[in-house]
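Enquirer: Use the sequences and the hints to build the structure in full.
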Amino acid sequence: MLERVQSERTQTDRTMIEIRDVTRSYGSFKALDNASLAIREGEFFSLLGPSGCGKTTLLRMIAGFDKPTSGSIAVDGQPMDGIPANRRPTNMVFQSYAIFPHLNVEQNVAYGLKRLKLDAGAEKHRVGEALAQVSLTGLGKRRATELSGGQRQRVALARALVMRPKVLLLDEPLSALDKKLREQMQVELRRLQQAVGITFVLVTHDQYEALAMSDRIAVMFGGKIAQVASPKEIYQRPVNRQVADFLGGMNFVKAEIVEENGASLVLDTLGFGRVRADKPRAFVRNGGAATLGIRPERLRVLWDNATAKFEVSGKVVERHYFGEITHLIVEIPGLEKPLSVTETNDFGADDIPVGAPIRLAYDPEALVAMAD
Amino acid sequence: MTVAAEGSPPLRMAGSRRSPLLQSEAVQGFALISPTFVYALILLVLPILVVIAHSFWTQNYLTIDHTFTLENYRIALTEPIYRDLLWRSLYISLTVSLLTVALAYPVAYFISFHGGRHKSLWLFLITIPFWTSYLLRVMSWKVILGYNGVLNSGLMGLGIIDEPSTALLYNSTAVIITLTHAWATFAILPIFVSLEKVDRTLVEAATDLGDGPLRSFLRVTLPLSAPGAISAALIVMIPTVGDYVTPKLVGGKDGVMIANAIQAQFGKASNWPLGAALSVTTMIIVSLMAGATVLVFRGLQRLAR
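Chains as they are written, first to last, in the working numbering: chain A, 1 to 372; chain B, 1 to 305.
What the hints contain is simulated information worked out from the structure, not anything from laboratory work.
Each hint should be verified, as a subset may be incorrect.
Said to hold, decoys possible - 30 Å max Cα-Cα, derived BS3-like pairs, lysine-lysine:
(1) B/119 <-> A/30
(2) A/67 <-> B/197
(3) A/166 <-> A/141
(4) A/254 <-> A/337
(5) A/67 <-> B/119
(6) A/114 <-> B/197
(7) A/141 <-> B/197
Expert: So, in structure tokens, the structure goes:
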């Protein structure tokens, strides 16, 4: 909650990066296919997608390491065509961190400052400031080869931030860290971005990373941008099955469109009957068929004689224990695929016997209509 | 042996009937290198010991006087002829090694950074001169540099010179040109290998931080490939000091090097002890020079940061 409030402070309505109809082809293969995107100033923006979806290609084109086959990229209103990487107002944190092995931490961070010909005091001050931002104060004299993975990542961050770029580009910066460190760095990166107020563009294939850190996310598949929205909207109102599936689990139910009006759709389904569901903003109708989706954690187990206004009933066919939660697979008459249900273990969901009849409650607001 | 056996766990002793001594990594290592080691001992260390011993003796017509003397070293270090030859050898080898590295670096850089899919083809092409004998390659330089050679006729044909130049062949320049060409491959390969090891992302990172192509080369690629350049310089420098075929064939009287003098002492002059003293002196000076080269390069590397 606190973070959202802060985030409104760093974000403005100005467009920092404008990507217009950008295509990048390698022969007949299109790594990026007619992508358009506007990233706002001060925003933490994520490009999310499986490997080979074109997210890294897009990032490298913003940095200037790759050129669009067609289309244009502008940073802070300046067209970037023909401007080499070394003269762009962007800096990058590389996936491998690319720490110069022949230099120590301080020299690595000061690398880009040398060209600015600052006086020794000013340079030292900026290096110290950048090291403090990433909590590396005191490690300035360490050799690059003596650093841990997390420290190398901080050096890479400091080295880019010290340049005070308009845009900081991060290419899968957390993928080389172990789980615990990765989660800690997610929080820290977000905090850092809020503190410096620089536009961050993050490339990641980890949906939780994108959800946890970003103001907005662009989900990409096969060189195309599928959806651009806030983490919450992406998660709750995915535009299609692909997006829904990539961001966590989702139960898909075949549906028939009965009625379509402004903001909602009336759908006929086998298991859930006739339901009304919100229409996603980018919904494109494809004939009369659609898909109804519901997240496994939005289905609640109804105990004993409890009732709910909206419920389905079936039979437990599988149970998987995950510590704080239990994952149930429930067969519903009429549905071709059983439903996944995630229930916290507070009330004993881990004791539900396989084969037992079960009733599940759902909130109609949790139902999402998707293009097929 | 007994101690080692007691120290090792009994389970392992039961599983393997081999002596624990053979299982120690150090012993296995020595066993692996022993053929090479024995070979080097017999053909490298022993001859050097013989040479060192000779350098303290005296030639007495057909026999060797085995009394210890430093007279040979006095001659080797103070006679102007040997001093001049030694200086010239060092000058030639140093020039050749620097020139070779300077010329080989761009070639290696091109293959490594721009060779694309044809890297191995380029490397293969570079080794082609080795298909012919070294003598033939030296001889071909004679054809190029000679009085009526390719270079002279070419320059005359273009009207740049009126009569053939004698400055091309039979002097130390001819030796330098020939040796530089002959050793090029030995310099290209180590430099190529060290350039291949330079992570290309580091060059991108330097570019990202504002460096143009030249600056990123000077600040990242060059320092990171310096070890290859140093070893290339040493690989060329050390053997060229002692080269005697090249000066003999293209050096004339101005291109004679210390090895020619050493050869003469062991051959025609038949003064093995003096030849030995000259050899040992050269060896020591080359070692010192190699050490100095490494230090100078390290200093330059530190300055470049």
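Enquirer: Quickly compare the C-alpha distance for residue 67 of chain A and residue 197 of chain B to 30 Å and report which way the hint goes.
Expert: At roughly 26 Å apart (the allowed maximum being 30 Å), residue 197 of chain B and residue 67 of chain A satisfy the hint.
Enquirer: Quick one, are residue 67 of chain A and residue 119 of chain B close enough, alpha carbons at most 30 Å?
Expert: Since the Cα atoms of residue 67 of chain A and residue 119 of chain B sit roughly 25 Å apart, the hinted pair holds (cutoff 30 Å).
Enquirer: Are the Cα atoms of residue 119 of chain B and residue 30 of chain A separated by 30 Å or less?
Expert: 28 Å, holds
Enquirer: Between residue 254 of chain A and residue 337 of chain A, is the straight-line Cα distance small enough, at 30 Å or below?
Expert: Holds: residue 254 of chain A and residue 337 of chain A sit about 10 Å apart, inside 30 Å.
Enquirer: Quickly compare the C-alpha distance for residue 166 of chain A and residue 141 of chain A to 30 Å and report which way the hint goes.
Expert: 28 Å, holds
Enquirer: Within 30 Å, alpha carbon to alpha carbon, are residue 114 of chain A and residue 197 of chain B?
Expert: Roughly 26 Å between the alpha carbons, so the hint for residue 114 of chain A and residue 197 of chain B holds.
Enquirer: Is the hinted pair residue 141 of chain A and residue 197 of chain B satisfied, with a Cα-Cα distance of at most 30 Å?
Expert: It holds: about 25 Å lies between the C-alpha atoms, which stays within 30 Å.
When each numbered hint is compared with the structure, no violation occurs for any of them.
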